[in-house]
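Number of protein chains: 2
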Amino acid sequence: MDKILMGHGSGGSMMHELIANHFAPAFGMEGMFSDAAVLDAKAEGRLAMCTDSYVVSPIFFPGGNIGELAVNGTVNDLSMVGARPLYLTAGFIIEEGLPFDDLVRIVSSMAEAAKAASVKIVAGDTKVVERGKGDGIFINTAGVGIIPEEVELSASRVSPGDRIIISGSIGNHGMAVMAERNGLSFDPPVLSDTAPLSTLVRDMLKRPEGVCLMRDPTRGGLATTLNEFARETNLCMSIKEELIPLVPGVRGACDLLGLDPLYVANEGILVALVRPDVAEYLLEAIGKHPSGEMAAIIGSVEAEPAGAAILKTGIGGSRILQMLQGEQLPRIC
Amino acid sequence: MDKILMGHGSGGSMMHELIANHFAPAFGMEGMFSDAAVLDAKAEGRLAMCTDSYVVSPIFFPGGNIGELAVNGTVNDLSMVGARPLYLTAGFIIEEGLPFDDLVRIVSSMAEAAKAASVKIVAGDTKVVERGKGDGIFINTAGVGIIPEEVELSASRVSPGDRIIISGSIGNHGMAVMAERNGLSFDPPVLSDTAPLSTLVRDMLKRPEGVCLMRDPTRGGLATTLNEFARETNLCMSIKEELIPLVPGVRGACDLLGLDPLYVANEGILVALVRPDVAEYLLEAIGKHPSGEMAAIIGSVEAEPAGAAILKTGIGGSRILQMLQGEQLPRIC
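Line order of the protein sequences matches chains E and G.
Per the working numbering, the very first residue in the first sequence carries number 1; after that it's consecutive.
Per the working numbering, the very first residue in the second sequence carries number 1; after that it's consecutive.
Chain E extracted, bound-state conformation:
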């Protein structure tokens, strides 16, 4: 049997074998991997809960695949609300005919990513749809985490003068997927930045009073995240173009494809609004992480124009950054 068949999503014996032979061992369950799990931890602190469905195309791309993306993305969603990620569920929607080996590679990547992020995949579900009614594999992950008592991330805590920190260079994930999709290769290759941000956030939150709001700029890119911040705080997010970390490969790929890196998706960086007096401390803390080497303070929060994101260019000009309109890069995550 080298391909996924409709029977693998039947609820019957083929599905039970798939789970017993592949999912359960990969995710460290002994024999069982059902759609509901009883967790041994009690909640101390507030619960956080999140969900994300992954439909990235192609499912394998430079620097990652849909499986690790699905784990890291949900770990990061929890991290962005200040939670310590604990448990994930995984829901698979597989197109009939997916090579069995692809599924095994993806599940194995998920298991590795979960281990790296210290989360446990505790429950799962498998559906199979007919050929032509899906596209290889879609994965939903939902996550639960605990927010420590002292952590309070909220738009209401942001005030003018706060600094805007970014933890790494922008556009890597989106351009890696676009390159693969268009048959382009770069030297050195542009790799997805997919990575868990949980340990980086844990270290930042050693100074919880200094961190007001965080977000990972995924779909819609940095420009859309800054717009969300501006709307939620009713303040202005002002950044300087020359301070934004951007690797030459991504810049080149964006130029080639006519894309603005400010709108390209990222999967392993965060943007944080932080108190000015701890900004340098946080920058240093982020810089100690493998995915934080290019971290930078790229601007600050201002009072006016309220609700807007502004890009200041090198020659002294400035422009308003709109939220992403329409669809720039479909199915990037």
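One side only, chain E facing chain G, incomplete, derived with CB under 7 Å:
hint, residue
1, Ala37
2, Cys50
3, Gly91
The set of hints was computed from the structure by calculation and includes no laboratory data.
Cβ coordinates follow ideal geometry from the N, Cα and C atoms, glycine included.
Using the hints provided, position chain G relative to the given structure of chain E.
Quick look at chain G alone, frame taken from chain E:
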């Protein structure tokens, strides 16, 4: 705008408008409905967590639609481990071109179902895939609930002599979907049994010592659930054919389509293994619920043959019920 476009899944302004105008008001969020939520409840008791993806085709069927199915199904998964369902997430994978009105109807059904089951949909995610890469809409729901201290559902608590209770008639959901898919209609119509089991379970668990194990026989039907029980307990699940509740319409539809109702999916009933001394009490408690009117004790747990499910027929014969092999009814939930 009467159809879903790729831009509705962009992460940008079109998606924000969809969320602000439709999802957030339906789910009772003021303006925000993001992919991560901070929950105000602390856990008292053990946490339960579950996930299920819904790919039912067609998305509207007699007695329900994919939206309420997605809420009820996950409420029921939590209920089956003894948890009180509290929070749900919703992940949408929409095919470009889905009529906007269909999405609105589905979301509205989800909101109603959540209200009826007293759960809150706290976070969501929306992806759009190109026409021909999906099939209308797929929905993942993940859920979190709390298991009261006194509840302990476990295969290890089951022993020979325990009774097998079913809360309602079998096969209604599967045959309603199959009828719709095949353009068949019945008089009276066969309706899906989609319903939340949470209040029914709450009432059963007023006698927690009497309830050993529960499951909702969805994909794979009653026969597959009994096989799961038999394997997990290493005991025999023995049921009598004449005691199984089955409405004439479902029997007729199964005969017409050549299907065995024991393998047809259900979405609003449960099977429970219960202590013999409380079986009658529980039967009465279940019978007081709208979805429990046809509840019945259909058999009992026996020591031998270990690991098997046995159907005793009216004429004194018996046959081993296998787990569902291959795929009988694809995309039933």
